[in-house]
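So in our numbering the end of the sequence shown lands on 273, straight run, no missing numbers.
For the record, the hints were derived by calculation from the structure and aren't laboratory data.
All clues stand as given, with none of them false.
Derived lysine-lysine pairs resembling PhoX-like cross-links, with alpha carbons at most 25 Å apart:
#	residue 1	residue 2
1	Lys211	Lys154
2	Lys159	Lys169
3	Lys244	Lys211
4	Lys158	Lys200
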Amino acid sequence: MQKRHNFTDLQKARIFARDRAICSFSGKLLWILDHGASPTWDADWVDHVKPAMRGGDATLDNGVCASAEFNEKKRDNSFDNQYLFEDGWPTIVLYETHGLISDDIAEHLNRFASLHYSDWFFNRALTDVMIGCNVAWAMKEGAELSRTPAYWAKAGIKKLNKWAKIVDKELVPSMEERKLVSVPKLDSDQLLMYEARKAKSGYELECVINKLLPIYMANYEAYDDLVEIKNSEEAKQLGHELDKNTFIQNRVKVRIKDNIKRLYPNSPDRKLI
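With the hints as extra help, turn the sequences into a complete structure.
What follows is the structure, given as structure tokens:
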């Protein structure tokens with residue numbers, strides 16, 4: 001029998017759950033809802049341990065969870081199998097490289113021990129929503145694209161329908177019951193994305209994309225502004241601009257201000273940031 005080289009959606013879902021929604025190469029956290037409508041999100045991907053070009057097949061044992069970005073990088077080096085995580089747990093490579101697991105990753109690994117394979121379909125629906133936001137932004141700036149936000153909204157609805165079917169059939173406890181989601185802690189964009197699970201049509205999901213777009217643009221541009229900072233005066237100015245912009249979400253403001261404080265620990269303006 002000829003080997004199958006492409007992973008099925010069910011295999012991708014099971015690998016995603018087994019590996020606790022973390023990129024095996026980088027430690028990138030791949031649960032879209034935690035990132036919300038911000039530039040820190042990335043799509044999950046399944047990477048072959050033994051590449052298809054060298055005889056690797058599409059089996060659970062031959063697949064690892066990766067971010068789309070790192071899967072693309074590995075495409076140029078099929079021998080790169082230095083994983084920071086295997087089966088959702090740190091490897092010796094992580095300890096040799098970083099020595100200590102970050103607080104964010106430790107919290108993520110423990111929380112996502114309750115991940116169910118059905119969650120992948122919900123997460124991929126939100127991936128389609130974020131791709132829809134990218135497309136809507138590009139079209140807003142004049143790009144002509146055949147795959148419009150409506151296209152990605154319809155793709156997302158198919159995944160939400162699959163998610164709901166599995167949850168109903170297998171009586172999967174809610175994401176809140178499994179501590180994957182804490183509604184009181186969600187920012188407004190994250191709440192929009194979480195409520196999107198109730199969407200019944202492509203139109204409803206496209207409305208979510210349209211509501212998220214100005215938030216996504218503001219969050220994205222805030223990170224761009226962070227990169228441009230060259231001194232403490234510019235850092236202080238960015239802090240004030242963050243406070244004035246109501247579209248930028250609170251977690252983004254906190255994370256950017258934390259980065260500023262780390263970059264300029266001795267700034268006399270530190271308390272004003």
